[in-house]
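Participant: Next come the chains, spelled out residue by residue.
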Amino acid sequence: MAKRYLILADGSVYEGEGFGADKNGLGELVFNTGVVGYIETLTDPSYYGQIVMQTFPLIGNYGIIEDDFEGRCLVKGYVVREWCRTPSNFRSQYDIDEFLKKQGVPGIYGVDTRAITQHIRDKGVMNALIADQVPSSLDDIVSYRVKDAVRRASAEKVSVFPALGEKKYFVTLVDYGTKQGIIRELCQRGCEVTVVPPETTAEEILSASPDGVMLSNGPGDPAENTACIAEIRKLMGRVPVFGLCLGHQMMALATGGKTIKLKYGHRGGNQPVTDLRTGHTYITSQNHGYAVDVNGIAAGQLRYVNANDQTCEGIDYPEYCAFSVQFHPEACAGPRDTSALFDRFARMMGGKSFAAE
Amino acid sequence: MPLNKDIKKVLMIGSGPIVIGQAAEFDYAGAQACRVLKKAGVNVVLVNSNPATIMTDKALADEIYLEPLTAETVKRIIIKEKPDSMLAGLGGQTGLTLAMQLSREGFLEAHGVKLIGTNAEAIDKAEDRQMFKDTMLSIGEPVIPSDIAEDVDTALRIASEIGYPVIIRPAFTLGGTGGGVAYTPEEMRQAAQSGLDASPINQILVEKYIAGWKEIEFEVMRDGIGNVIAVCSMENVDPVGVHTGDSIVVAPALTLSNKEYQMLRSAALNIINALGIMGGCNCQFALDPYSMKYAVIEVNPRVSRSSALASKATGYPIAKVTTQIALGYTLDEIKNEITGKTCACFEPTVDYVVVKFPKWPFDKFNTARRRLGTQMKATGEVMAIAPNFEMGLLKAVRGAEIGADTLNKVPVDDRPVRERLADMDDVRIFTCFEALKSGMSVEEVTSVTRIDPWFLFRLKNLADFEKKIENSLSDEDYFRGKRLGYTDKALSRLSGRKDLPYSEAVYKMVDTCAAEFAAETPYFYSTYDSVCDSRSFKRSSKPCIMVLGSGPIRIGQGIEFDYSSVHCVWTLRELGYDVVIVNNNPETVSTDYDTADRLYFEPLTPEDVMNIIRVEKPVGVVVAFGGQTAIKLTKFLDENNIPILGTSAEGIDIAEDRARFDALLENFGIRRPSGRGVNTLEEAVQAAQELGYPVLLRPSYVIGGQNMTISRSREHTEDYMRRILAGGIENPVLVDKYMPGVELEVDVISDGDDVLIPGIMEHIERAGVHSGDSIAVYPPYNLDDRYIEKICECSKKLALALGTKGLVNIQYLIYQEELYVIEVNPRASRTVPYISKVTRVPMVDIAAQVMLGAKLKDLGCGTGLYRTPPYYAVKVPVFSFEKLSDANSILGPEMKSTGEVLGIGKTMPEALFKGLTAAGFKVPSPRSHKKPGVLISVEESDYQEIISLAKRFYDLGIALYATTGTAQAISTLGIDVISVKNAGESDDIPHLMAEGDLSYIVYTGAV
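Protein chains in written order, with the working numbering: chain P, 1 to 357; chain A, 1 to 1007.
Hints were generated in silico from the structure; no laboratory data involved.
Mixed in with the good hints there might be a few duds.
Over the 12 Å line for every Cβ pair with chain A, so calculated as not near, a few chain P residues [said to hold, decoys possible]:
id : residue
1  : Arg-81
2  : Arg-91
3  : Tyr-94
4  : Ile-116
5  : Lys-167
6  : Thr-201
Just the calculated beta-carbon pair ranges, DEER-fashion [unchecked claim]:
id : chain 1 : residue 1 : chain 2 : residue 2 : range
7  : P       : Asp-293   : A       : Ser-474   : 54 to 62 Å
8  : A       : Lys-489   : P       : Asp-67    : 42 to 50 Å
9  : P       : Gln-133   : A       : Pro-543   : 42 to 50 Å
10 : A       : Ser-474   : P       : Asp-132   : 50 to 58 Å
11 : A       : Lys-114   : P       : Gln-301   : 35 to 43 Å
12 : A       : Ile-225   : P       : Asp-67    : 31 to 39 Å
13 : P       : Lys-261   : A       : Ser-530   : 23 to 31 Å
14 : P       : Thr-86    : A       : Lys-5     : 55 to 63 Å
15 : A       : Lys-335   : P       : Thr-86    : 20 to 28 Å
Subject to a maximum C-alpha distance of 25 Å in a straight line, what follows is the list of computed DMTMM-like cross-link-like pairs (lysine to aspartate or glutamate) [as the list claims (entries may be wrong)]:
id : chain 1 : residue 1 : chain 2 : residue 2
16 : P       : Lys-123   : A       : Glu-823
17 : A       : Lys-489   : A       : Asp-332
18 : A       : Lys-293   : P       : Asp-275
19 : A       : Lys-341   : P       : Asp-309
20 : A       : Lys-293   : P       : Asp-221
21 : P       : Lys-263   : A       : Glu-81
22 : A       : Lys-467   : A       : Glu-444
23 : A       : Lys-467   : P       : Asp-122
24 : P       : Lys-234   : P       : Glu-98
25 : P       : Lys-123   : A       : Asp-529
26 : A       : Lys-293   : P       : Asp-309
27 : A       : Lys-335   : P       : Asp-95
28 : A       : Lys-467   : P       : Glu-17
29 : A       : Lys-468   : P       : Asp-67
30 : A       : Lys-437   : P       : Asp-275
31 : P       : Lys-3     : A       : Glu-823
32 : P       : Lys-3     : A       : Glu-504
33 : A       : Lys-468   : P       : Asp-275
34 : A       : Lys-489   : A       : Glu-476
35 : P       : Lys-123   : A       : Asp-638
36 : A       : Lys-335   : P       : Glu-66
37 : P       : Lys-23    : P       : Glu-98
38 : P       : Lys-3     : A       : Asp-464
39 : A       : Lys-8     : A       : Asp-413
40 : A       : Lys-635   : A       : Glu-823
Ideal placement from N, C-alpha and C gives every residue a C-beta, glycine not left out.
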């Protein structure tokens, strides 16, 4: 295999070997700490525009299982220490190298991923390039920006997913780059889910009289999506709303809150989140670089905080019959400990008083 | 919930002696727990019969009872100490069973003692087979079809209902004692009976045997308000069927997809919520490799061997957090000490792979069945940390001290490899490697072994590499080899290339979070990479000393050496040094990340140790406390000009080298049993003949009397030599005259000018039984002052002559009124913790100070023989024979015990009684209805001696039985004796034993 380089915006260069697609990859370099779940990570549209690095050194052990895809693969590059040429799992279809080639994603392996993680942890998230040669100038790397992320990661057309079992609710899911897991969780709870593109207006959504609106996860800086935020503002209070990740951030922005960019984000399956109402702490799956500023919440009540760094993890909006969380109760990859939040949403749609939750 | 203020005085129950299935991990857990309790201002009362533990140090508890772990003793302690609470989940199965017994009897309630941590109801739900099954069914967790039997007929009926093969699991036993697999009703009859016998409540579980499923474990925690976390997942390389203690285990699980992983993780959390666990808990699952089907195998509602492994594998201190939870804290209130920033209510994530490799005692028991199954046979284990499985495995293998630094191992017999692959034994991983290297495909090997192809492909990767470098090793190959985990020595040997390039090892930190947060804890492992976390680690300006640990727990080198290593570290830290410890045993206190200033979790081999020395640049290395594992490195370190603290390499060599040592003794006119070193079979036979049989045969430089034997004939000598020479010898075999006298043992501290002898021990067994297997009495119970003086004088001479600075252990023999030296060990010995505790002389602390130049006369314990206390302390060995079928249980010069207990009493009989009780002997009570009986069967040469013993038994009103010849000899005294036929001639003896007529057997002779 050919030598390949990972070049960071600050000029650090790591030499490794190439796999996956034979091309350059430019993006924002982030790390994910999950031990399992690389398939879900690679197919999570929230990683749009990013080069993903796995801190766990052995990636690809169980191969690629298409049933486990969460969406389209939108990562710009993939960094691992070692990838497995001989995967072993009864569901495995092909290896990760083949997957990256099919998706046109360049990969680099054989680098000291721990050292790079420490570098990002200390210096903050930065852009990087995966290339066969070290470029003479860093300008292109430094000037890279994730743009139009939501548009690129989301659906262009409306699609409908039937409820599993008896149909109880009709949910409109606004797709900013949704993971399939959200749709799955809703369908399992008797929801018929209509996935609509991000540009869909509040009027259009409400005209279909849904029992509830779900705002999905998605990539990029939440504040860029001014049009979406304006529509969310119109939705809130008129229908039960549940926002996840990007959806959660935009709900905060829609109600006058602020978001901030974290130094290196939360990406992995072991983030502790405390429910301030019950004192209970849950282990959650997360993938986000931005967060709602705890000090800048203008409406609603702070309900969940990260037990490690006290950042905002969820807000209740009793006045709007809405709530939102930063983490991923749909898991995939990651723990399923908070999936009960979808039940809460269902109960809200069923007309149960918000205050009781 | 903050600290529960009602908890003021806690009774902690330890796990007692080290036996197979219950080793040093409970000292690690218990010591952590004691520290947490003390720190919380709680009064700690500790009971543990095992003196060789850190937890029984006076600094760790307010009141320590080195007493037998029986319900009777614990009750008395409760009455005397009046604790308000009891913590049982950290004392292994022993502690848990004891607590449950007291709880069930209502004793705890009657005396106002609350069981803190997981409560009795939850323990019952997890431990009682039926309740467990019912609970699992009620929460929808699948279990393997099974039923409970309390007699053999029921067991047979159940087995035919669920279909063979079935597995038998006795209730309430540790390490799966008495378990087994049955494929036919015939096998079932026997397996069921031994299972019923092993269970203290005569109950077994008969279960469908699901061979070939993956065995996955989760270490999980729950607090009082229901917060739950999964600390670590683990995967057994061997599929279900081999006890997890006997499996090669990796952490985290490596072959599970997210879906499978989350399914089992959720199940584990579901289970501990349903059971209401408070603290750490271990859940074992079987997972079908071809579907999403799984089943719960077992739940241990306590801290266990797996939790010690998980703690060391992730850095998450399970025992500590379990104790904090018992005190009332919730997980989110507890800080993660590794990062110092995050809270304990999170799940560790790792950026490396951990490989655990068991250490089996088969080298000690060459007749024992090496087949592995549901009954654990390993005495200890090593753990290795690496960025990939290959390096982890190679590190583990070379750290296990089994004479291997690669996976190439000489086969146990000459059957074709294909046939040997089917053996589920201790060398299976080597056999798999051999098969793959010889060209068998991964598919073929999987179909026989059912080991997941993922692991086999890793082995194949190593095999392919080795084949590639067979004839030439390029620089690139070399660097690849280093990243696969090979030592330079191995690469050189495999390729024939001598002038290797140099690749520098770097050290990465274990930080619970895969570098997401900056960690503060100095816990390192080696790898071949660009960036070194250790070199950039902030150090104090203090000089650094490196202490070498003792590796895996094995017969002959147990927890005693960890005790000494830890004390050495503590003393050196107090003296103002930055102390680095190197060890690879996950079960111990020494590998707790806060024992030393920096911990390197690495194999104790020359290359691995030297790489650490390059980073740490210590002013000296301590080899004296890590048993033979550390001592073995002396020569190498000395040759590389690394300063050795304490006794010099020269002094150590004199003690270990036969010829040099003999010359020294000659000089001082000290006698030793005559003997010589030999290199060939002929020399051995001749030497034995000249010395006169019986003779003692043993290799030099060994521990625990490994391969030591008493030979009574030329035939035996030849057999022995053939066996030893077949393995190849580096040092001569020693042939000594065997003298069956009284054996004595001393541990001496010397500063080069003076000596301090904390105490002299006298063995009850005559010389010839290994000192580790002997009952040792302190102070000597029938030794007159003349000998005591002589021993002191002789010990001083020897210690000074060897240039000892620190500890030296000397074994003596008195035979026909003459004193002989048998053996000198220039290091801390097995008896150091025992003597430290009973004399209250902090031996390791003093020895460590002396090593650094302090003088004994300034240290407050005086010189010469330390004062004798007004009580007796008896050390009684504990064996694990019930775990090792077909092992020869007759004692001899090769050590066989796995642990020891202490009995302390005002008189020798009282101390001995307590010691024997603690060791599990049921001394028949004079109040019992049945008249106790003794069977005597001795060799003709012993008739003379046995008659007076028989008379004393007779006078005590004990029924005497004897084999024909012995009976005749005894009856000459006019004593009533019942003559029975020899074991080989009739079933008399087994029959008497089955009837319970025999309480003791007195036996000498061949075995």
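Participant: All the hints need checking, so say for each whether the structure fits it.
Facilitator: Against the structure, the hints:
1. Arg-81: Violated, since 6 Å does not exceed 12 Å.
2. Arg-91: violated (7 Å)
3. Tyr-94: Non-interface label stands for Tyr-94(P): nearest chain A Cβ at 14 Å, farther than 12 Å.
4. Ile-116: Its Cβ does come within 12 Å of chain A, the nearest being 9 Å, so this is violated.
5. Lys-167: holds (25 Å)
6. Thr-201: Given a closest Cβ separation of 36 Å, the condition holds.
7. Asp-293(P) to Ser-474(A): 54 to 62 Å: holds (56 Å)
8. Lys-489(A) to Asp-67(P): 42 to 50 Å: holds (47 Å)
9. Gln-133(P) to Pro-543(A): 42 to 50 Å: holds (48 Å)
10. Ser-474(A) to Asp-132(P): 50 to 58 Å: Taking Cβ atoms as reference, Ser-474(A) and Asp-132(P) lie about 23 Å apart, which means the hint is violated.
11. Lys-114(A) to Gln-301(P): 35 to 43 Å: holds (38 Å)
12. Ile-225(A) to Asp-67(P): 31 to 39 Å: This hint holds: roughly 37 Å between Cβ atoms.
13. Lys-261(P) to Ser-530(A): 23 to 31 Å: holds (29 Å)
14. Thr-86(P) to Lys-5(A): 55 to 63 Å: At 57 Å between Cβs, range holds.
15. Lys-335(A) to Thr-86(P): 20 to 28 Å: violated (42 Å)
16. Lys-123(P) to Glu-823(A): violated (61 Å)
17. Lys-489(A) to Asp-332(A): violated (48 Å)
18. Lys-293(A) to Asp-275(P): With a Cα-Cα distance of about 33 Å, the restraint between Lys-293(A) and Asp-275(P) is violated, given a limit of 25 Å.
19. Lys-341(A) to Asp-309(P): Roughly 8 Å between the alpha carbons, so the hint for Lys-341(A) and Asp-309(P) holds.
20. Lys-293(A) to Asp-221(P): violated (42 Å)
21. Lys-263(P) to Glu-81(A): violated (55 Å)
22. Lys-467(A) to Glu-444(A): Satisfied, since the Cα-Cα distance of roughly 20 Å is no more than 25 Å.
23. Lys-467(A) to Asp-122(P): violated (43 Å)
24. Lys-234(P) to Glu-98(P): violated (45 Å)
25. Lys-123(P) to Asp-529(A): holds (21 Å)
26. Lys-293(A) to Asp-309(P): violated (38 Å)
27. Lys-335(A) to Asp-95(P): Status violated; Cα separation ~40 Å.
28. Lys-467(A) to Glu-17(P): holds (23 Å)
29. Lys-468(A) to Asp-67(P): violated (39 Å)
30. Lys-437(A) to Asp-275(P): Violated: Lys-437(A) and Asp-275(P) sit about 55 Å apart, past 25 Å.
31. Lys-3(P) to Glu-823(A): violated (60 Å)
32. Lys-3(P) to Glu-504(A): Answer holds: Lys-3(P) to Glu-504(A) is near 22 Å, not above 25 Å.
33. Lys-468(A) to Asp-275(P): Since the Cα atoms of Lys-468(A) and Asp-275(P) sit roughly 57 Å apart, the hinted pair is violated (cutoff 25 Å).
34. Lys-489(A) to Glu-476(A): Given pair Lys-489(A), Glu-476(A) holds - Cα atoms ~17 Å apart, limit 25 Å.
35. Lys-123(P) to Asp-638(A): With Cα atoms ~44 Å apart, Lys-123(P) and Asp-638(A) exceed 25 Å; violated.
36. Lys-335(A) to Glu-66(P): violated (40 Å)
37. Lys-23(P) to Glu-98(P): holds (14 Å)
38. Lys-3(P) to Asp-464(A): holds (23 Å)
39. Lys-8(A) to Asp-413(A): violated (60 Å)
40. Lys-635(A) to Glu-823(A): holds (20 Å)
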